[in-house]
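Visitor: Each chain, letter by letter, is given below.
Number of protein chains: 2
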Amino acid sequence: MKVFVVGIGLIGGSFAIDIKAAFNEAEIYGVDRSEENLNKALELGVIDQKATLPEIEKAAIVIIAIPVDATVSIINEVLDRVSDNCLVFDVGSTKKKLCEMVASHDKRRNYLAAHPIAGTEFSGPQAAIANLYRGKTNIVCEVEKTAFKLQEKGMEIFSRLGMRIRYMDPVSHDRHIAYVSHLSHISSFMLGKTVIEKEKNERDIFDMAGSGFASTVRLAKSSPDMWAPIFKHNKENVIETLQEYIANLTQFKELMEKDDFDEIYKEMKDTNHIKTILKGIS
Amino acid sequence: MKVFVVGIGLIGGSFAIDIKAAFNEAEIYGVDRSEENLNKALELGVIDQKATLPEIEKAAIVIIAIPVDATVSIINEVLDRVSDNCLVFDVGSTKKKLCEMVASHDKRRNYLAAHPIAGTEFSGPQAAIANLYRGKTNIVCEVEKTAFKLQEKGMEIFSRLGMRIRYMDPVSHDRHIAYVSHLSHISSFMLGKTVIEKEKNERDIFDMAGSGFASTVRLAKSSPDMWAPIFKHNKENVIETLQEYIANLTQFKELMEKDDFDEIYKEMKDTNHIKTILKGIS
Numbered sequence: 001m002k003v004f005v006v007g008i009g010l011i012g013g014s015f016a017i018d019i020k021a022a023f024n025e026a027e028i029y030g031v032d033r034s035e036e037n038l039n040k041a042l043e044l045g046v047i048d049q050k051a052t053l054p055e056i057e058k059a060a061i062v063i064i065a066i067p068v069d070a071t072v073s074i075i076n077e078v079l080d081r082v083s084d085n086c087l088v089f090d091v092g093s094t095k096k097k098l099c100e101m102v103a104s105h106d107k108r109r110n111y112l113a114a115h116p117i118a119g120t121e122f123s124g125p126q127a128a129i130a131n132l133y134r135g136k137t138n139i140v141c142e143v144e145k146t147a148f149k150l151q152e153k154g155m156e157i158f159s160r161l162g163m164r165i166r167y168m169d170p171v172s173h174d175r176h177i178a179y180v181s182h183l184s185h186i187s188s189f190m191l192g193k194t195v196i197e198k199e200k201n202e203r204d205i206f207d208m209a210g211s212g213f214a215s216t217v218r219l220a221k222s223s224p225d226m227w228a229p230i231f232k233h234n235k236e237n238v239i240e241t242l243q244e245y246i247a248n249l250t251q252f253k254e255l256m257e258k259d260d261f262d263e264i265y266k267e268m269k270d271t272n273h274i275k276t277i278l279k280g281i282s
Numbered sequence: 001m002k003v004f005v006v007g008i009g010l011i012g013g014s015f016a017i018d019i020k021a022a023f024n025e026a027e028i029y030g031v032d033r034s035e036e037n038l039n040k041a042l043e044l045g046v047i048d049q050k051a052t053l054p055e056i057e058k059a060a061i062v063i064i065a066i067p068v069d070a071t072v073s074i075i076n077e078v079l080d081r082v083s084d085n086c087l088v089f090d091v092g093s094t095k096k097k098l099c100e101m102v103a104s105h106d107k108r109r110n111y112l113a114a115h116p117i118a119g120t121e122f123s124g125p126q127a128a129i130a131n132l133y134r135g136k137t138n139i140v141c142e143v144e145k146t147a148f149k150l151q152e153k154g155m156e157i158f159s160r161l162g163m164r165i166r167y168m169d170p171v172s173h174d175r176h177i178a179y180v181s182h183l184s185h186i187s188s189f190m191l192g193k194t195v196i197e198k199e200k201n202e203r204d205i206f207d208m209a210g211s212g213f214a215s216t217v218r219l220a221k222s223s224p225d226m227w228a229p230i231f232k233h234n235k236e237n238v239i240e241t242l243q244e245y246i247a248n249l250t251q252f253k254e255l256m257e258k259d260d261f262d263e264i265y266k267e268m269k270d271t272n273h274i275k276t277i278l279k280g281i282s
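Going down the list, the protein sequences come from chains V and H. Numbering follows the UniProt record's numbering, with no gaps: position 227 of the first sequence is 227. Numbering follows the UniProt record's numbering, with no gaps: position 181 of the second sequence is 181.
Calculated directly from the structure, the hints in this document are not laboratory data. Every value quoted in this text rests on a predicted model; they were computed, and no experiment measured them. Wrong hints could be hidden among the right ones.
Same chains, same names: a pair is fine if it fits in one copy or spans any two.
[Claimed, not checked] As a list, the in silico BS3-like pairs of lysine-lysine whose alpha-carbon atoms are at most 30 angstroms apart: (1) K2 <-> K145; (2) K275 <-> K153; (3) K269 <-> K200; (4) K20 <-> K232; (5) K96 <-> K200; (6) K232 <-> K149.
With the hints as constraints, model all of the structure from the sequences given.
Guide: Structure (structure tokens):
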């Protein structure tokens with residue numbers, strides 16, 4: 001089973017590692033515009049061979065794990081090149097633009113739109129780890145538009161890697177993921193920015209920061225190469241979440257200005273039930 | 001060495017556990033307005049005995065680990081009651097109001113203003129853990145106003161518990177801690193609120209949330225009993241941080257509205273160096 005991984009970073013590399021472990025017959029081919037990444041992936045044993053895009057004609061599986069704008073740019077070329085029995089899936093954090101892009105392609109049925117909710121704040125092949133996907137949710141969009149046999153092939157991979165599947169339409173996916181993922185990244189980046197701006201001349205101040213601050217700004221370490229395209233693709237939804245977030249922060253500030261600490265207490269108490277909601281998210 | 005811990009929750013309880021382990025001669029007395037907490041602390045072996053406030057006349061050490069407004073209310077009574085050789089320290093997240101409150105007390109020299117930057121999002125005696133303070137920063141304010149022998153006594157405890165000490169005046173402490181701690185809590189609470197409001201009728205949506213969301217809203221599990229008084233005490237500084245945070249979020253939203261994704265990329269790239277800053281914070 002020839003598996004081509006296009007983009008051999010954290011996400012693609014972690015797929016490569018797990019698929020190799022779960023399927024004896026898998027041979028992993030890495031495609032990446034960075035020769036350095038490819039060499040590192042080979043050296044680390046993340047891939048078996050370096051390859052180029054035209055070679056995907058011999059692939060049984062193609063996994064596209066590059067920024068969402070780059071995926072939109074090459075998805076039709078990939079579908080043009082693959083054989084009739086090849087499954088192509090991507091793993092991007094937005095799904096609507098991509099589903100639109102492939103909608104009328106002759107080989108639409110070779111494509112499966114997936115979004116495994118997994119990752120870390122690190123990037124590159126050296127960040128790839130085993131079992132990244134175990135116990136994680138994988139959102140699959142427009143499953144009915146993928147050929148039945150290729151759906152099965154995809155589910156076999158996702159299931160051996162330990163993922164649980166949720167089906168969703170791409171418009172709902174993009175709207176909800178703006179709340180539970182994209183907004184978190186912006187809140188974290190802007191928190192980091194606010195503190196760095198204020199404290200840039202006072203290095204010692206970060207000695208005062210504890211694990212709470214570290215946890216809240218963790219996502220501000222994320223790669224802009226990945227995230228700028230996501231925000232661009234999901235612009236309307238993300239702007240809406242930002243408006244609501246800013247409105248809530250402004251209201252909190254106004255309660256403080258009015259010395260209404262009873263209401264502030266209540267706001268926090270009400271939000272505490274995030275504890276229950278978060279149960280089960282590692 | 002009779003050690004009285006006033007407020008036997010996460011913070012006070014964790015001090016009790018570590019002091020007992022580090023000082024053979026320590027006997028831990030728990031004082032708490034909740035009989036249930038006291039019984040639980042006794043049952044868990046966090047304290048050796050239950051006690052009441054008047055008994056602190058026999059204390060060698062008093063640790064006040066209750067919400068900052070409650071500390072301000074009782075600190076002078078505590079100082080009235082303790083013996084001349086007793087060290088009293090608190091562990092609250094704001095220091096200015098407390099230092100003002102004790103400024104003219106006869107026993108000002110018995111008091112040490114401390115703020116160990118340690119904790120978890122859990123609370124109560126069952127949340128108390130060993131080694132919570134190991135490797136953590138402890139900010140000490142107005143050290144020169146504490147009697148020399150009692151400074152030494154305090155440092156002996158902090159040092160055996162593995163804390164590193166930073167000295168700071170209470171006004172600077174409250175200003176900087178607003179950025180590196182208090183703002184993180186509000187950003188997290190309001191993120192939790194925004195997502196819960198939006199998704200309250202769609203429980204399945206939280207299946208989509210990953211570890212990034214969990215990390216960013218972790219602090220929204222924190223106790224309002226502890227945090228509402230902190231925001232009240234540090235009102236001016238916290239409002240200032242909120243203004244700057246809201247301004248940065250608004251600017252980010254405007255960049256998105258203008259489709260200026262190059263600038264958005266740059267903002268994120270610039271903030272990425274939080275990686276370096278966070279090194280060393282666990």
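Visitor: Could you tell me which of the hints above the structure violates, numbers in ascending order?
Guide: Violated hints: 2, 4 and 6; rest satisfied.
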